[in-house]
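Trainee: Sequence lines, in order, name chains X and S. Position one of the first sequence corresponds to residue 1 (the numbering used here), numbered consecutively onward. Position one of the second sequence corresponds to residue 1001 (the numbering used here), numbered consecutively onward.
Read the hints as simulated data drawn from the structure, not as lab findings. For clarity, every value in this text was computed on a predicted model and none was experimentally measured. You may find that some hints are simply not true.
Unchecked claim - Computed spacing ranges between beta-carbons, pair by pair:
1. 250(X) / 1197(S): 32 to 38 Å
2. 123(X) / 1312(S): 37 to 43 Å
3. 204(X) / 1063(S): 53 to 59 Å
4. 121(X) / 1298(S): 42 to 48 Å
5. 186(X) / 1321(S): 37 to 43 Å
6. 1312(S) / 143(X): 35 to 41 Å
7. 1325(S) / 143(X): 48 to 54 Å
8. 123(X) / 1063(S): 31 to 37 Å
9. 149(X) / 1241(S): 32 to 38 Å
10. 1057(S) / 130(X): 26 to 32 Å
11. 223(X) / 1172(S): 47 to 53 Å
12. 1079(S) / 68(X): 31 to 37 Å
What the hints assert, rightly or not - Here chain S is said to cover these stretches of chain X; the calculated rule only asks that three of the stretch's residues, wherever they fall, bring their Cβ under 8 Å from a Cβ of chain S:
13. 11 to 20
14. 66 to 76
15. 117 to 129
16. 148 to 155
17. 211 to 222
To be verified - Computed footprint of chain S on chain X, listed as stretches where at least three residues anywhere in the stretch have a Cβ under 8 Å from a Cβ of chain S:
18. 168 to 174
19. 184 to 191
Glycine included, each C-beta is placed from N, C-alpha and C at the ideal position.
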Amino acid sequence: MTTDHILQVRGVSKSFDGIRAVNEASFEVERGSITGLIGPNGAGKTTMFNLVSGFLRPNRGTILFDGQRIDGRAGHVIARAGLVRTFQIPRVLTRLTVLENMMLAAKHQPGETFGAALLMPGRVAKRERQVREQAIRLLELIRLTRLANDYAGTLSGGQRKLLEFGRALMTEPRMVLLDEPMAGVNPALALQLLEHILELRASEGTTFCVIEHDMEAVMAISDRIVVMDEGTVIAVGLPEEIQKNERVIDAYLGRSGEEPEPGSRLQVES
Amino acid sequence: MAIFNLPFWTYVGVIAGIYTIFALGLYVQDALTGLPNFGHVAFMALAAYGMAILIIRLNVPLPIAATGGVLAAVGFGLLLGIPSLRLRADYLAIVTVAGSEMVRYLALNLQDLTGGALGSIGMLGPSNLAQYNTDWDNFLSPITATLTRLLGSGIANRDFTMLLIVWLLTLVLMLLLWVMVRSPWGRVLRSIRENEAAAEAVGKNVFGYKLQVLVLGAILGAIAGLLLAWEIGVFSPDDYQPTVTFYAYLILILGGTTRLWAVPVGAVLFGILYSGTRFLNFFPLSLIDSGDRAYLRLLIVGFLLIVLMAVRPQGLLGNRKELLIQ
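Here chain S stands alone, though its shape is the one from the complex (with noise of 0.2 Å):
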C-alpha cells in the first residue's frame, strides 16, 4: 500500500475521532478529578453488545437501540462504581480492569445472547449471519452521496462522511467539557484529584461528584464503542481487550494529562504512529515477514513512547511547572 493513500488515512482520522471521544472519558475521570480507571473499555463493549442486541433481537429502532446501550454502559459504571469509589485509588483500578475483563469474558461465553467467540455476526447462530449496522449505513448514504457531488468521488466515500460525523461530535463534545472543566463544578473536580479530604472538609459531597464524574466517563465511552461498532460494522469480545484502555491512557500520556485540548492531539498522534508504522516496509525492515513486522511495529510505537516521555515527560502539550509540583 502506497503511504498517500486517501481512503487509508480517511479511516485512520476516524479512528483517532473515536480514540479522542474515548479518551475524553478517561481525561474527565482520571487526568481531572483522580478516579484511575483501567476497565473504560468495559463501557465501549457494553454499548456495542447493548445496540446491537436490542436491533438484531428485538428490532428495536437505532436511536433507542442506540440509547439502551448508552444506559447499559452507565448501570455498569454505577454497578462498579457505587461499593468501589470510596476506596483508594490504587484499588479502584484493581477493580476497574477485573470489571472490564468480566465483561469481555461474558461477552465470550454468553454465547447464546453475544454469540460469543463469533462476535455480532453470530448473534443468531453460525449459520445465521447477523447484521446490525443496516439503519446506521441507510443514515450515512444519503449524505455521503450529496457529498460526492459537491466534492468528487476521489474524496467523499462511507468514511469520508464517518469522518466528519465524528470529528463534529468531538468538537462538539469537547466544547462542552471545555465549558465544564473551567466552571466551578470543574474546579471541585481537581480538588478532589489533589486531595479529598480537603474537599469534604469545605462542604464537597465528594461521593456525589465521583459518581457524576463515573457516569459522564461511561457516557462517553459508550458513545466512541458506538461509532466504533457503526464505522466496521461488526465486533467481537477480542476488540474488548484491556489493550484498548491502555491506548487511551496512552493518548492521554502522550498529549499531556492536564490539558483538555491535548486529547485530541494525541489521539492523532497514536493513530499516525500506530498506523503509520505500518508503512516501514523498506529494506531491511523488509527482510522480515509482513507478520513478524507486525509485532515490530508495536516494538516500535513503545520504543517511541519511551523516547518522548524522557525528552517531554509533560507530553506534547502538557505543562511541565504542573508535572514538577510534588
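Pulled out of the complex, with its shape left as it was, chain X reads as follows (with noise of 0.2 Å):
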C-alpha cells in the first residue's frame, strides 16, 4: 500500500550556536490526517515547526510538502502554498479589530498590491466583500462574532488563540501546523476547537499536524502520534502504540540513572 504524504520531513538538522535543537530528524504526514507531534519541553518541536513554515533555515535535510521541496523558502511562499502555521505565544495584531486580523489573512486580494489598490478600487470592494464575508463565517465558528469589531489587543489569551486558529482557516490552508492550540482555552471552547479540527478535515480534506501537551486530547484527535526527544524523532505510530513505547515513557518520564545535564537543553519554546 502506498500512502499520499503531504508532508516528508526527511533527515532534517538545526543548531543554534553549536547546539542541536533538531537533529536528523525524519517523518512523514498523511494527507488527511491530523497527526500529533509531542515530546517534552525542548524537544525540538517548535523548532521543527519554525523549519517546515520557514521560519528557520535546516542546516541539513529536506522538508517536501505535497512532493515540492519547500526547505530554505520564505516563510509567506510556504503560506501561500497552503501550508500555514500558528505560535505557541498567539501573534494576534493588536491594534487591528478582530475582524481586520481575519480579513487580512484571506488569499487572492488585488487591493494588496498597490497598483490594483489605487487603480482597480472595484475589483478590490468586490473581492472585500467576499473576504468580509468568509470572515464573518468563520468568527461564528470560533464564536468571536461578538467581538468582530474590537481591537484584537483587547482579547484574552484564549480568544487570541481561537482568533489565530480563524486567521490560519482564513487562507483556505491545505494544511495546518498548530502550536498547542488548547493551552489557555477553557475546556469547553478547547473541545469545540477539536470538533472544528474534526470537521474541517472531514468536509475540506485539511491536513492538521498538532503540538499539544494535553494528553487526552491530544491521542483523542489524532490519527498518528511522532514522538520527538532531544531534537529527533524517537517514535511514531498510532496513539495506543505511542501510549504503550518504552522509549516515550521513558522520554517523559527521565531516563533512569542518567540525569540530564542543567543547561544540556535548548529552550526553543518561545
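With the hints as a guide, bring both chains together as one complex.
Mentor: Listed below in C-alpha cells is the structure:
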C-alpha cells in the first residue's frame, strides 16, 4: 500500500550556536490526517514547526510539501502554497480589529498590491465583500462574532488562540500546523476547537499537525503520533502504540540512571 | 515685526505645507508600517542636491533635474534599506540616522561637487555664484502675476503662489494616501507594524512591502526637499541636520501618530509654535537680547510639547483607545 504524504521531513537538523535543537529528524504526515507531535519540553517541536513553516532554515535535510521542496523557502511563500502555522504564544495584530485580523489572511485580494489598490477600486471592493463574508462565517465558528469590531489587543489569551486559529483557516490552507492550540483555552471551547478540526478534515480534507501537551486530547484526536525527544524523532505510531512505547515513557519520565545535565537542553519554546 | 504680518504668515504656511509632505513620508514608514526612520532628512538633502547639481553643472531642464533628485533619494533609500530592513526596528533606527549624517558630511566634504559648507551657491566655486532656481521662478512669476491681477498685491506675492502650489500638492498626496491606507494594501502595512511574523505566517511578503514603503517615504521626503529648495532658493549642508527629522516626528506626535489627517494639523501647529514664539519680544522677555531669545524659543517649544504630552498623550487628533492597547 502506498500512502499519500503531504509533508515529508527527511534528516533535518538545526543548530543554534552549536546546540542541536533538531538532529536528523525524519517523519511524514499523511494527507487528510491529524498528526500529533508530542515530546517533553525542549524536544525541538516548535523548532521543527519553525523549520517546516520557513521561519528557520535547516542546516541539513530536506522538507517536502506536496512533493515540492520547501526547505529554505520564505515563510510567506510556504503559507501561500497552503501550509499555514499558528504560534505557541499567539501573535494577534493588537491594533487591528478582530475582523481585520481575519480579513488580512485572505488569499487573492488584488488590493494588496499598490497599483491595484489605487487603480481598480471596483475589483478590490468586490473581493473585499467576499473576504468579509468568509471572515464573518469563520468568526461564528470560533465564537468571536460579538468581538468582531474590537481591537484584537483587548482579547484574552484563550480568545487570541482562537483568533489565530481562525486566521490560519482564512488562508484556505491544505495543511495547518497548530502549536498548542488548546493551551489557555477553556475546556468547553477547547472541545469545540477539536470538533472544528475534525469537521474541517471531513469537509475540506485539511491536514493538521498539532503540538499539544494535553495528552488526553492529543491521543483522542490524532490518527498518528510523532514523538520527539532531544531534537530527534524517537517514535511514530498509532496513539495506542505510542502510549505503550517504552522509549516514549522513558523520554517523558526521564531516563533511569541518567540525569540530564543542567543547561544541556535548549529552550526552543518561544 | 508685527504679529499680524501677512507675508510672514504666508511664509510660515508654505513651510508648514512642505513639512506636512515631509512628515507624510514618516507617517507611511513609521506610524503605518512601524519602520522607524531617524534619517528622513537625507531624502530631502539628496533630492535638493541631485536637482541643483543637475541644473547647475549639467544644464538639465528643471523637470528632469527634479526627477533625478527624487531618484537619488529613492536610490539611497534602497541602498540603505536592502541590507538593513531585515534588522529589528531599533537597529534600523541607528542605521538610518547614521546614513543621514553620512549624506550631510559627504555634502560638506565633496566640495567640488556640492559647494561644501557654502552650499548650493558654491557649486561653481567660491568666485562664481551658482543659481538653480531660475527655471522655477520663471514658472512661478506668470502665476503670481495673474493672482496679483485677481487679488491685488496685498495678498498675492511669490510666497502666496508657493502656498497654493504646496497645499494643492499636499491635498492631492493626502487623498492618494487616504485611499491607500484604507485599502487592503494599507491593512498589510498595519499588520507588519503589529507583528511581522504573523503577517509572514499568513502569506504576506513582509520584506517586499517594507521596500515599497521605504521607496514611498523616500519619494515624499524628496518632494518636500525639492519644494523647500525652491522656496528658499539656496541651501547648504547645515539645513539637513538630524533636527529636521525630529521636527517631522514632532509633527506626527503633535497631531497624533495614528491618523493621516492629523499630519497637516500637527505641521501647522508646529509652524505656529515655532514661528509664533518669535513674537515673545515683550517685557520682561525683552530684557534678554534677541540672540538669546532665539534659544528661549526652542526652550518654550520643548516645554509646550511636554505639557501637551502630559495632557493629551495621543496628540491633538489621536485615538486614545488605540494608544492604550498593549
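Trainee: State for each hint whether it applies.
Mentor: Now for the hints, and whether the structure bears them out:
no.: 1; hint: 250(X) / 1197(S): 32 to 38 Å; verdict: 35 Å, holds
no.: 2; hint: 123(X) / 1312(S): 37 to 43 Å; verdict: 40 Å, holds
no.: 3; hint: 204(X) / 1063(S): 53 to 59 Å; verdict: 55 Å, holds
no.: 4; hint: 121(X) / 1298(S): 42 to 48 Å; verdict: 45 Å, holds
no.: 5; hint: 186(X) / 1321(S): 37 to 43 Å; verdict: 27 Å, violated
no.: 6; hint: 1312(S) / 143(X): 35 to 41 Å; verdict: 37 Å, holds
no.: 7; hint: 1325(S) / 143(X): 48 to 54 Å; verdict: 22 Å, violated
no.: 8; hint: 123(X) / 1063(S): 31 to 37 Å; verdict: 33 Å, holds
no.: 9; hint: 149(X) / 1241(S): 32 to 38 Å; verdict: 44 Å, violated
no.: 10; hint: 1057(S) / 130(X): 26 to 32 Å; verdict: 55 Å, violated
no.: 11; hint: 223(X) / 1172(S): 47 to 53 Å; verdict: 59 Å, violated
no.: 12; hint: 1079(S) / 68(X): 31 to 37 Å; verdict: 34 Å, holds
no.: 13; hint: 11 to 20; verdict: violated (count 0)
no.: 14; hint: 66 to 76; verdict: holds (count 3)
no.: 15; hint: 117 to 129; verdict: holds (count 5)
no.: 16; hint: 148 to 155; verdict: holds (count 3)
no.: 17; hint: 211 to 222; verdict: violated (count 0)
no.: 18; hint: 168 to 174; verdict: holds (count 3)
no.: 19; hint: 184 to 191; verdict: violated (count 0)
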